[in-house]
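Colleague: Chain by chain, the residues run as shown.
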Amino acid sequence: MTLIQNLVISVPRLEIHRPPISTAIVCNVIKQAGHPVEALDLNIKFFNYLEDSEKFYDLDDVWAGERPITKEEKLSIEKFISEYETEIGKYDRVFISVFGSWCHMFTEMVCKFIRKQLPNIEIVLGGQGVLTATIGKNAKHFGQIMKDAGLCDTFITGEGEKTIVEVLNKNLDVPGVNNVDFKQLNELDNLPFPDYGFYHLDEYDYLNEEKEVFIVGSRGCVRRCTYCDVARYWPNFRFRSGENLATEMISHYEHHGIKRFYFTDSLINGSIKAFHDMCNQLAEYNDKHNVGFKWGGQIIFRPPKQLPKDHYELVAKAGGDLFLVGYETGSDKVRWEMDKKFSNDDTEWQLEEFSKHGLHAMFLMVTGYLTETIQDHHETLKIFKRWQRFVADGTITQIDLGATLYFLADTPLARMIDSHQVYFLDVGADIEDKQNKNNRLWQSKTNPTLDVAERLRRQIEIHRTAIKYNWPVSRGVNRVRTLKVMAKLYHDFLKNVQDPKMIEDAKTGLRWVS
Amino acid sequence: MINLRIDAVGNFCNHWPTLVVHHNHDVIFNAQIEQQQTVQLLLEPNEQDNHIHIGMTGKMFGADNIYDTKAIDGKILQDLSIDLKKVTLEDVDILDLLIRNDFQIQHTEGMAEDHVKTMQCQGEICFNGHYFMTYRLPLYNYLTNAKWKVPSKNVSRHSNTTTRFHYEDHAKELDEIESILDDIDTKFSDIRSKIRDS
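Line order of the protein sequences matches chains A and B.
All residue numbers for the first sequence refer to my numbering, where the first residue is 1 and numbers rise by one.
All residue numbers for the second sequence refer to my numbering, where the first residue is 1001 and numbers rise by one.
Be careful, since some hints might not be right.
Once the Cα atoms are required to be at most 25 Å apart in a straight line, the calculated BS3-like pairs of lysine-lysine come out as [unchecked claim]:
hint : chain 1 : residue 1 : chain 2 : residue 2
1    : A       : Lys382    : B       : Lys1147
2    : A       : Lys294    : A       : Lys273
3    : B       : Lys1147   : A       : Lys488
4    : B       : Lys1194   : A       : Lys501
5    : A       : Lys488    : B       : Lys1194
6    : A       : Lys116    : A       : Lys162
7    : A       : Lys294    : A       : Lys211
8    : A       : Lys501    : A       : Lys71
Every beta carbon over 10 Å from chain A, so not counted as near; a handful from chain B, in silico [claimed, not checked]:
hint : residue
9    : Glu1034
10   : Gln1036
11   : Asn1046
12   : Glu1047
13   : Asp1073
14   : Glu1090
15   : Gly1110
16   : Thr1134
17   : Thr1161
18   : Thr1163
19   : Tyr1167
20   : Leu1174
21   : Ile1191
22   : Ser1198
Restraint-style ranges between C-beta atoms, simulated for each label pair [to be verified]:
hint : chain 1 : residue 1 : chain 2 : residue 2 : range
23   : A       : Glu72     : B       : Asp1190   : 41 to 51 Å
24   : B       : Ser1179   : A       : Ser53     : 49 to 59 Å
25   : B       : Glu1109   : A       : His256    : 56 to 66 Å
26   : A       : Arg386    : B       : Asp1096   : 34 to 44 Å
Please keep in mind that the hints were generated in silico from the structure rather than gathered at the bench.
Bear in mind the structure is a predicted one, so any value in this text is a computation, not a measurement.
Note that beta-carbon positions come from the ideal geometry of N, C-alpha and C, so glycine has one too.
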């Protein structure tokens, strides 16, 4: 019997600083199941193909749905994909990893190309981006849209480690294959490590000129922040033991000399015990072998009483470096309503600890929250002066101000649309997802002063205050460009609407003003 | 007023070394440092450039046949010196800024005539002379730029830390948005209310 030849493809837009972890795991799963497999990272190949990296980054606005793709860009991508016709044509089946909504357009272009030029190849889509959908009831997710359009044969939802094997064995009538009834895996310690042997590690654009890889410590999240859709993909929080994690990191160091890691976790410190155990083992190894580990990822700030004594000293000794923190707002009240469960005083204590032990923080912000009042907004403005010292001493290395709140599907916030009488201004189709309306311009009857104009005004005031106190604003120009698109859409909407009427869309249940 | 804090270690030879601190050319500290010591000073800054000098005075290099260095067979047993361990302005470390400038050596009787006048150092003070730096107000804005701002490079927007503290393009975009919002305020305030009431 001839074995089916499998190709696992990664598509833009992914990070270019580290090899992709999800497909490195998929390759190992297929290999361990006894099937032939190779990997093709079209993301890094596209980055290197363009030569001028600016063109690669310019497309971020397209992937994010902030502007339409130009004809020239489309032709360039189609030409790039066509150059892989011979290589892709060697395989019977391709697995395409759809990491998120930023991968949708490229995935669609690859699938259209394969369907047209290589119609005998079976296409399987997987990854979190398969489940991405717009808000409202009955909204279709990307996997279903692609299947309905005949652009894929199979889509996999949820974690792929077990489901991929079912697809390889042609068992398609199982949870998570062509349906969204996926079952979560409970035990992460027994899963295969990513196999980076499938990738050309020299192709990547490493930060700091040292090889760095992703690592997965947990899936899901211990929090249920109202705006976040992680629970849609991973309803339950599962984590690897600290010992298992440290063992993998030490193994990467001993086998490949890799000392830098970035955790993909929603929160590295979801399980304090596992995190602390990992740090203990890494700190001991670091001390004994003088390795110089450096790693980081997303964490949540916690009340000090929840943490072991000298916790951050141990984190520093273990190589902890840069941590992304969903701080979101200067208002304790709003942050509490977001279900974040930490205060400004907790934040300040954590910043003191970070400063003392040489750790670094990047703040992630969500402003213009559904319940935000003008007093809440003023609380946010205060942080820039209050914690300017931590910018000057290098503890706070970046802040991403975001582009004001918007609604993601299947989040606690999306389920609050009715109770907060949220309605949307009908400005036409979404730029990226033309099958759905643009839902960035929302307003709420229960917080009427926070209309679109006020939200934009507050965001600008926050941005200007950050500049006044010399905060390290990350992606600042792109963020304000997104705001400008919103402002123009809002302006044009107001200009054209004469007699505003609210209509409920029977299909989605959302209320639109036009 | 601004807090200047110096954590220093004095190394003995014949006597303890003398630490001298100038602020805007006035002596604000001049005393011996015995072993490990913390000096806390209050600075009164000007609106324009402010100058801090931190150094040592009184080390003898042979005048009157006195040497504040003791050596036997080429091995130094004692050497009058000061090690700056940490120097902060309003709790922000400035030792990195002080040592960016070469240490300025004050020629002292007994030293060779062609002795170097400056030296790159890491916080140690082995000669009479001083480290120096300048600062301006607002202090944290100044220190942030001095310590962390680098020329902007064109790399991925997700990981481009070189654009930090470069706000020129932000300001231009923010101005444009504000002019759109002004136009909305002027022309469409009625329709905004109608929508809220719809």
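Colleague: Hints first: check each against the structure and report whether it holds.
Modeller: We went through each hint and held it up to the structure:
1. For the hint linking Lys382 (chain A) to Lys1147 (chain B), the alpha-carbon distance of about 24 Å falls within 25 Å, and the restraint holds.
2. About 20 Å separates the Cα atoms of Lys294 (chain A) and Lys273 (chain A), which keeps this hinted pair within 25 Å; it holds.
3. With a C-alpha separation of about 38 Å, the suggested pairing of Lys1147 (chain B) with Lys488 (chain A) is violated against the 25 Å cut-off.
4. For a cut-off of 25 Å, the pair hint linking Lys1194 (chain B) to Lys501 (chain A) stands: about 9 Å separates their Cα positions.
5. Restraint check for Lys488 (chain A) and Lys1194 (chain B): the C-alpha separation of about 19 Å stays at or below 25 Å, so the hint holds.
6. Between the alpha carbons of Lys116 (chain A) and Lys162 (chain A) the distance comes to roughly 31 Å, so the proposed pair goes past 25 Å and is violated.
7. Taken as a hint, the Lys294 (chain A) and Lys211 (chain A) pair is honoured in the structure, with Cα atoms around 11 Å apart against an allowance of 25 Å.
8. Taking the CA atoms of Lys501 (chain A) and Lys71 (chain A), the gap is about 36 Å. The hint is violated against a cut of 25 Å.
9. Non-interface call for Glu1034 (chain B) relative to chain A: holds, since the shortest CB-CB distance, roughly 27 Å, exceeds 10 Å.
10. Residue placement check: Gln1036 (chain B) keeps its beta carbon more than 10 Å from all beta carbons of chain A (closest about 19 Å).
11. Chain A leaves Asn1046 (chain B) outside its interface by the beta-carbon criterion, the shortest separation being 20 Å against a cut-off of 10 Å.
12. At the 10 Å boundary, the C-beta of Glu1047 (chain B) stays outside the reach of chain A, the nearest C-beta of that chain being 18 Å off.
13. Separation of Asp1073 (chain B) from chain A is adequate, the least Cβ-Cβ distance of about 34 Å exceeding the 10 Å criterion.
14. A Cβ of chain A approaches the Cβ of Glu1090 (chain B) within 10 Å, the least distance being about 7 Å, so the stated non-interface status is violated.
15. Separation of Gly1110 (chain B) from chain A is adequate, the least Cβ-Cβ distance of about 41 Å exceeding the 10 Å criterion.
16. At roughly 16 Å from the closest C-beta of chain A, the C-beta of Thr1134 (chain B) stays outside 10 Å, upholding its exclusion from the interface.
17. Distance check for Thr1161 (chain B) against chain A: the nearest CB is about 7 Å away, which does not clear 10 Å, and the non-interface claim fails.
18. Here Thr1163 (chain B) does not stay apart from chain A, with its beta-carbon only about 7 Å from theirs, under the 10 Å limit.
19. Not every beta carbon of chain A lies more than 10 Å from that of Tyr1167 (chain B), the smallest distance being close to 5 Å; the non-interface claim is violated.
20. Distance check for Leu1174 (chain B) against chain A: the nearest CB is about 6 Å away, which does not clear 10 Å, and the non-interface claim fails.
21. The beta carbon of Ile1191 (chain B) sits about 5 Å from the closest Cβ of chain A, which is not more than 10 Å, so the claim that it is off the interface is violated.
22. The beta carbon of Ser1198 (chain B) is not kept farther than 10 Å from every beta carbon of chain A, the shortest such distance being approximately 5 Å.
23. About 42 Å separates the C-beta atoms of Glu72 (chain A) and Asp1190 (chain B), a value consistent with the hinted range of 41 to 51 Å.
24. Remark: the range hint 49 to 59 Å for Ser1179 (chain B) to Ser53 (chain A) is contradicted by a beta-carbon distance near 32 Å.
25. Restraint check, Glu1109 (chain B) to His256 (chain A): a C-beta distance of roughly 60 Å satisfies the suggested window 56 to 66 Å.
26. In this structure the supplied range 34 to 44 Å is violated for Arg386 (chain A) paired with Asp1096 (chain B), their Cβ-Cβ distance being about 24 Å.
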